[in-house]
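Protein chains: 2
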Amino acid sequence: MTIENISQTKTFGGWHKQYVHTSNVLDCAMRFAIFLPPNASKSQPVPVLYWLSGLTCTDENFMQKAGAFRMAAELNIAIVAPDTSPRGEGVADDDAYDLGQGAGFYVNATQAPWASHYQMYDYITKELPALIESHFPVTAVKSIAGHSMGGHGALVIGLRNQESYRAISAFSPISNPMNCPWGQKAFTAYLGSDKANWRQYDATVLLAERDANLPILVDQGDADNFLAEQLKPELLVSVANKNNHELNLRMHAGYDHSYYFISSFIADHLVFHAENLYK
Amino acid sequence: MTIENISQTKTFGGWHKQYVHTSNVLDCAMRFAIFLPPNASKSQPVPVLYWLSGLTCTDENFMQKAGAFRMAAELNIAIVAPDTSPRGEGVADDDAYDLGQGAGFYVNATQAPWASHYQMYDYITKELPALIESHFPVTAVKSIAGHSMGGHGALVIGLRNQESYRAISAFSPISNPMNCPWGQKAFTAYLGSDKANWRQYDATVLLAERDANLPILVDQGDADNFLAEQLKPELLVSVANKNNHELNLRMHAGYDHSYYFISSFIADHLVFHAENLYK
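Those protein sequences? They're chains A and B, same order as listed. So for the first sequence, my numbering puts the first residue at 4; every next one is plus one. So for the second sequence, my numbering puts the first residue at 4; every next one is plus one.
Some clues are possibly wrong.
Copies of the same chain look alike in the list, so a pair counts if it works inside one copy or between any two.
Cut-off 25 Å, straight-line C-alpha distance, at most; resulting in silico cross-link-like pairs (DSS-like, lysine-lysine) [as the list claims (entries may be wrong)]:
id : residue 1 : residue 2
1  : 282       : 45
2  : 68        : 20
3  : 68        : 198
4  : 245       : 45
Source of the hints: derived by calculation from the structure; they are not laboratory data.
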């Protein structure tokens, strides 16, 4: 697994770097970004927070807009931001912003024309961490977070791989994709019409079906235009309460779906992850 | 002077808002953004930091990428980010990124085809603050900062209007535009070939010619690709030292020209401005 460095920028005493590599899982070239705190070194490797972005995003949105580096540097945590889908001319796409490139939904697609490249679940859970852990001064200790579609991804991936992640956090996650337009459209395309195959990618279903031993933090703005129709975090809370799962949903009055919301509370998420990554 | 609100987003307990208005000085529609800290109100108005952006930027770059709101909220400072030039189909432009729209250089142009709209110096020093002070819960106490072309703008505007601003700060400013390619190209186009007319817009010349009573903070990365050819902050320091001006140039090892650099040190600038705005 070779990777090619395409940018490196000093920030908050650490480094923001971008790389391209050929993904075997996705069968295309992929770009990711990593923030390395000032004190990360081979002799002092650091834990990693994986950040999954939302619809239309690349590796850049979080790194440029979240304002996460100050606290990540202070807490000695690396952050990895992958792209949100396979990319490139040979990769299936759709004109809509919520399907195809930029909208991988962190699933392994089974349906044509998507199945040949859209294997984001395996990319995020297997190929990418293996690559990160082999090339950077990081430990195998990791946690996962994300926004909107990426909040869905973080919840699903964390809940299905609790041995691999110390904690999950999400901003404005698509909490019950089987029951919202974004999720239904994507799951029908990528997974087919048999809803039995959707359940493994629905955080509310997963949280109802299995024990969750890792802590979950969710932040949601009540002025988010997508809250009622697409996000529905109250369903997550409902099943968590029923099953005594540790889930902290914080509703924030007046905040919307943007990075202005994320940046306002990202420091809390980093502290939450650090507490679990270093315990 | 009427203004139209086109976005408002809660962030760090305060508000990021964008407005459009018809500028009489620039004779076109202009957009600006303002950050209002949580406690700003008509009964408790706050001082304002004006941020001037660099080449190709709009009102959005600083607001999205600088990570300034946490500290501005804490210090109770409003931030106003104007656009970097007049805009629109009827406004002269050039295919190059460093001339025309997005590259106003904060001067009052005297040459065709620029003079009819490119009056950014008057816009920033007169029309915009009058508009801000009439529409928002702010005082007339202000300071000014900027990046690259906007660092040049902040230095020139602050030095020529010392009665109006409490402090100046700049990241990676074009410090001696008469003697670098960016400045020579822009000044020739906007001001004509007589260099006597350029001097009023050159911070190094201004600092050599007049007393500066307001404090100046300049941050510069030593891995900035534009440092040697375009920026030359050492010339500023040289004239400041010669004339006993208060200018603090901080060189930062390994940092470049990007917002990853700005975000790393913006908190220091906000503290510097707050100390002067509230003294």
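Status of each hint after checking the structure:
Taking identical chains as interchangeable, the C-alpha atoms of residue 282 and residue 45 lie at most 25 Å apart only when both belong to the same chain, with a minimum of 21 Å there against 47 Å between chains. With identical chains, the CA atoms of residue 68 and residue 20 are at most 25 Å apart both within one copy (15 Å) and between copies (16 Å). In this homomeric assembly, residue 68 and residue 198 never come within 25 Å of each other (Cα to Cα): the closest approach is 36 Å inside a single copy and 41 Å across copies. With identical chains, the CA atoms of residue 245 and residue 45 are never at most 25 Å apart, being 44 Å at best within one copy and 47 Å at best between copies.
Checked against the numbered hints above, the structure violates hints 3 and 4; every other hint is satisfied.
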